[in-house]
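*Asks:* Spelled out, the chains give:
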Amino acid sequence: MEATTTPATILVVDDNRDNAEIVRQMLEVHGYTVLVAYDGDKALAIFDAARPAVVLLDVMMPGRSGWEVCRLMKQHPVHGRAVRIIMLTALSAWDDKQAALQTGADDYITKPLDLHDLLARVRRNLALVGPAA
Amino acid sequence: MLPDCRVERRATEELADAMDALAGVRAVLVSTSNPVPLRAIVEKARLQRVPVVVACRDEIARRRAVELRADEWYRTPAPPDEIEWRVRSATSRVAIASTAAADRIERVEYEEMLYDTLTGMPTLPVMIERTRGLIKERGELVVFYLNFVRYTKIEEIYGWEKLDEVLETTAAAVREFLDANAFRSTRMMVGFTNDDDFIFFHVPAAGVPAATDRDVTEAARRLQQFVAERLEEAHGEDIAALFDIYVGYAHVYYNPKIRLERLIYRGIREAANAARSVEERERARKVADLRRVIHDRSIYIDYHPIVLADTGRVFGYEALARGELRSLRSPEVMFEVAAEADLLWELSRLCRARALEGMRDRLTDGELLFLNVDPHDFADPAFVELEHVDPRRVVIEITERTAIKDYPKFRERLRTFRDRGFRFAVDDAGSGYAGLGSIANLEPDFIKLDISLINSIDTNFIKQNLVETMVGFAREQGAMVIAEGIERAEELDTVRRLGVPLVQGFFLNHPERERRGAARQAMAQAGERGTDGRRAE
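In the order they appear, the protein sequences are chains A and B.
For the first sequence, the positions run 77 to 209 when my numbering is used.
For the second sequence, the positions run 24 to 560 when my numbering is used.
Hints should not be assumed to be uniformly reliable.
[As the list claims (entries may be wrong)] Quick look at which bits of chain B chain A covers, simulated, 3 or more residues with Cβ under 8 Å:
1) 94 to 100
2) 481 to 490
[What the hints assert, rightly or not] Label-pair restraints from in silico Cβ distances:
3) A:Gly139 - B:Ala512: 39 to 45 Å
4) B:Arg285 - A:Asn92: 50 to 56 Å
5) A:Asp190 - B:Ala101: 33 to 39 Å
Hints in this document: simulated from the structure, not taken from any laboratory.
In this text, a Cβ means the ideal position worked out from N, Cα and C, and glycines have one as well.
With these hints in hand, go ahead and build the complete structure from the sequences.
*Replies:* Right under this line is the structure:
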């Protein structure tokens, strides 16, 4: 079976549509299937239906915060254990990273985004998802 | 079981090939643990938008089902209505994949209300619904309440991932026990309440008398033992020793005039109260046990090696005191009981004295003894055990069991020890309480990372970043970082790569045990045998 050639699906969640668009284009150029959500509720619905391998999740969003969305995704009965979640955050203090750990996040990127760094982080997280991705 | 459905059986290998030809199939239920056909089935089913439910025989099969992203899974054996529910849930998930987003969110949340996501056990509303018919028929029901007391402690020490693993092991063990052992001929349902406790309903089958008090007490004892064994197998003695079950129960008699929900909730409350009074009785007994332990000096010391990350050579030993009585095996439990009984200083003195006694014939040149000391101990006027030891050989490991009240005074006490040549380690660094600022204040020579930071560090990049930060910080402060709780090769590789110089954990060495009786015997028997081969590994 040629399952390994299926491109990994990545969900990008950011209320700033310009940011989301830039990230989407960059990831698509590198061959990933990209889904985009502009708020937490939509992100959870897409997450449940599409089961993305990696989620890029903005922390500061109106409505459900990124932390809450992260926690809910990680609690998903079927896909919660398999997904890798990368938080996009302006925060970089020790305590903030501690808080990120409590929600179950796997990785983080500080804003403003460095696209090169972002791609590297997506890759290293995908490497841990295993062949099913 | 699915009254409105037709069920067809196929052999696993055959199914993988026949998937393309199966038109009109609403769901596939697979019980294989062989990953090859399972993967083929899941992949083909996904293309055809047919949900797959996997019946998992064990933990490995469950992990595989999750990895392959099966739509649902359950652990076998499972009651028919759970299987039905899983199949329906998977079917509906696929069916509504195209409907409005908001509906789906509600459904996910509704699902969480009915089944605990972690243990897969039904929650109370589901249990009450299922019991309704049975209790009317039989007229009575026994509610058991299983109170698990140390779970929060596990989360504090090891982090929430570990707690999740422990809860899964426990849930599986409880289910297995009830299926195999207790009250075999009767109907039984297990549920899970959110604060770490389990509830189960026992409805006697027709013609079988309800369990007597003696049956229940005996079953509770065996259940506790069974779960403890499973926890020890899966997570080691330290975690198993942190846990206790107290079982309470109450009879509920059917009364058509009172709503069933009210009857059952009342029963649960009574059973929970009963469990709590068992717990109080046990605590009183533990205090008595602890007084005896202190009087008889019946603790022993585990010396857990701390080794150099790159060579594995022993750098020192952390002395861990354990009670000889099983109920007081865990140091966390011992100190908790001591705090309640106002015996903290007495217990600490005993632990220090015993650790130092054992150090004499253990340490070879250059090796250090890491001695746990609570900040509260420095105020003890009888803190004298360190008067007669070589300060260059002892590292005082500050373990914050109680919050530091008088900071300036505490630092002044530290200063006197430092002036005499003792070195210091801070324990549990990075656990949220001990931020970088308060660590710097103590000017430690060693910084011990909190276990929760090391657990699964190989797959969590945030943890890696935190540890890297701490290593850099320590270097600036002239301190050495110690990573404790290393349980897997991947964890060791990761902390090595991050520049952690010292490591400790079951993956590297098991603690070296010295029982009091054994030590005394060895000393009495003959000096010529020296250290009786303890150092041979």
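*Asks:* Are the hints correct? Go through all of them and say.
*Replies:* Hint-by-hint comparison with the structure:
Evaluation of the coverage hint for the region 94 to 100 of chain B: fulfilled, as 3 residues show C-beta separations to chain A shorter than 8 Å, against a requirement of three. Note: the region 481 to 490 of chain B has 7 residues with beta-carbon separation from chain A under 8 Å; the three-residue rule is met and the coverage holds. For Gly139 of chain A and Ala512 of chain B, the hinted distance range of 39 to 45 Å is satisfied, since their beta carbons lie about 43 Å from each other. Arg285 of chain B and Asn92 of chain A have their C-beta atoms about 51 Å apart, which keeps the hinted 50 to 56 Å range intact.
For the hinted restraint 33 to 39 Å between Asp190 of chain A and Ala101 of chain B, the CB-CB distance of approximately 48 Å leaves it violated.
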